[in-house]
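Taken in sequence, the protein lines are chains A and B.
Heads up: the first sequence is residues 179 to 491, going by this note's numbering.
Heads up: the second sequence is residues 179 to 491, going by this note's numbering.
No wet-lab data here; the hints were simulated from the structure.
Bear in mind that the values here come from a model prediction, so they are computed numbers and not experimental data.
Check the hints yourself; a few may be wrong.
No distinction is drawn between identical chains; accordingly, a pair holds when it is met within one copy or between any pair of copies.
[Unchecked claim] Listed next, the in silico DSS-like pairs over lysine-lysine satisfying Cα-Cα at most 27 Å (straight line): (1) Lys-490 to Lys-447; (2) Lys-240 to Lys-286; (3) Lys-402 to Lys-415; (4) Lys-320 to Lys-483; (5) Lys-240 to Lys-282; (6) Lys-282 to Lys-225; (7) Lys-402 to Lys-447; (8) Lys-483 to Lys-447; (9) Lys-415 to Lys-320.
There are 2 protein chains.
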Amino acid sequence: MSGVTSANMMLFEVENRTYGNRAYCQCRDDNKFRFGAYGQDTVDRLKWMHSVWATTISNALKDMGGLDMRELMAVGLEMGDEIHNRHFATSARFTQILASHIAKVANKEEAIEVLQQLQQDRFATLNPIMAAAKSISDAFAKIPYCSLVSVMARNGRLFGVKVSGTGDRWFTAPAPVPVGMLLPGFTQDDVSPDMGDSTITETIGFGGMCLVTAPGFSSQVGGKVQMFADFTADMYKITIGESPHFKLPVLDNRGVPTGIDIFRVTETKITPVCDTGMANKIAGHGRVGTGITRPPLSIFEEAQKALLETSKQ
Amino acid sequence: MSGVTSANMMLFEVENRTYGNRAYCQCRDDNKFRFGAYGQDTVDRLKWMHSVWATTISNALKDMGGLDMRELMAVGLEMGDEIHNRHFATSARFTQILASHIAKVANKEEAIEVLQQLQQDRFATLNPIMAAAKSISDAFAKIPYCSLVSVMARNGRLFGVKVSGTGDRWFTAPAPVPVGMLLPGFTQDDVSPDMGDSTITETIGFGGMCLVTAPGFSSQVGGKVQMFADFTADMYKITIGESPHFKLPVLDNRGVPTGIDIFRVTETKITPVCDTGMANKIAGHGRVGTGITRPPLSIFEEAQKALLETSKQ
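Bound-form chain A, shown alone (with noise of 0.2 Å):
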């Protein structure tokens, strides 16, 4: 992982050394931009992210020749993260590896203000796992017949994915309304069809995928470990193996469940399990809870005609 500059804005980059693509992905502080939220606080925060935040952390990613975000995302999992909606581990151990070089790369002033972002920052790591995760996945999207789901994505209105062998064509169907916790304030009538492209994760087999190893997470989404337990045996139903890099302690490091296969979900009718950041339906609002969301089947059968007809061409 190392920092680029786009046009306006730093950007995180993640290579994928086994096969040479590369993702990206914006760089965040809080929720309210993420959210819709778009006040002069927000820009000017941005603009602080992109001068001192970005350049720093670029700096330091840099000065130590980029970050192994395989063995960062293992050993988040390990700390009790789904690393998806949970990055609390994660982000403590991204500081801990990368304070030292933000010292080193950036004058004092400087340092003290990253390092107290990064203090406070429960989600430093969900956009680099969610470009890694795009890295990844971009890797097996497009090879032909191939019934592996390789988007999930929502955008408000839609819940929409790709298969592999069927490219880039987009299945959609209406995105349900997430069902969890919520936050103080907030009832289910306020809560947005689910949204964001963030799934990328539940796509190679975190988040939702492999909420097993996340109990402490179990209280924010409003659930029991066992319904957490429970999901991940199913999810290991619906995909067709198990990640030899990214283990999950709790089962006795057993690999995340990976590679949803299509073919699978419709003979069980089992659909992924994905978690999810509940965003208030009123734009701008930003986020009025936690909770769990799961594609409708749908998409799937659809998919999979779809897949069958590119056999007989």
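Following the hints, put chain B in place on chain A, whose structure we already have.
Showing chain B alone in chain A's frame:
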């Protein structure tokens, strides 16, 4: 928590703010000195630890007005550490909390050195947490007729316990040789009878008492996750309560088993589970592995007899 100076070496100081008592622990770097090594490299390293590391950490802790150890320990348990022999996540969190203060109080060169040390140190929080455990157990150490274990410790020859109602009196028996996972090149014949005072952590419910929270530690001990779950389930049978502060998310936030009652130990014949660093039986040759040890039942029986005597006086 804050740093104080002893005659020759800085110590961690932990204050129990409920009861006003304080406890202390030396600073540590690696396992060499702890496990008996005392060559020139150890001495040189200790000098650096004192002059640079401890001074910087002390100033950083003062700059932040002390560190809330209870919160640190609680999140450590949530991140898959049992905070006796696994401190991987807790040390990362400790570094994340201190980093900006280190950048503030130290000059650039020393900040880099200390942050580099913390980046590598998987046991940065072991010593302050031992002092914190002592500050908790000291608060109930001398209550007349109280049957709770207030200290457990080993010295390479004896395993000893103190009981609240019998005050400073030790009840001892030969220390068992721990069994677990050996580092490459060692056999069980190399293992010393159990040693060290770090079982103060078990005394208040950490370490072997709450192994269920640390599945990532099981492979280091050579056990399965179910063994860890069984251990903790047993520990609830010999303790009088569950901590309201230190929760185990994997048990849906049940508190750690707290307050080892010698009557329950002798009745059930279940002794406390202690996880432990296994030392080489040749002094100065360091650590040879990580394992499990349990104090002999006889010392609890003896303590019970002595406690009952006090009620006749």
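A quick look at each hint next to the structure:
| no. | hint | result |
| --- | --- | --- |
| 1 | Lys-490 to Lys-447 | within (25 Å within a copy, 70 Å between copies) |
| 2 | Lys-240 to Lys-286 | both (19 Å within a copy, 19 Å between copies) |
| 3 | Lys-402 to Lys-415 | both (21 Å within a copy, 23 Å between copies) |
| 4 | Lys-320 to Lys-483 | within (17 Å within a copy, 74 Å between copies) |
| 5 | Lys-240 to Lys-282 | both (12 Å within a copy, 23 Å between copies) |
| 6 | Lys-282 to Lys-225 | both (23 Å within a copy, 24 Å between copies) |
| 7 | Lys-402 to Lys-447 | within (23 Å within a copy, 33 Å between copies) |
| 8 | Lys-483 to Lys-447 | within (15 Å within a copy, 63 Å between copies) |
| 9 | Lys-415 to Lys-320 | within (23 Å within a copy, 56 Å between copies) |
Going through the hint list in order, the structure satisfies each hint without exception.
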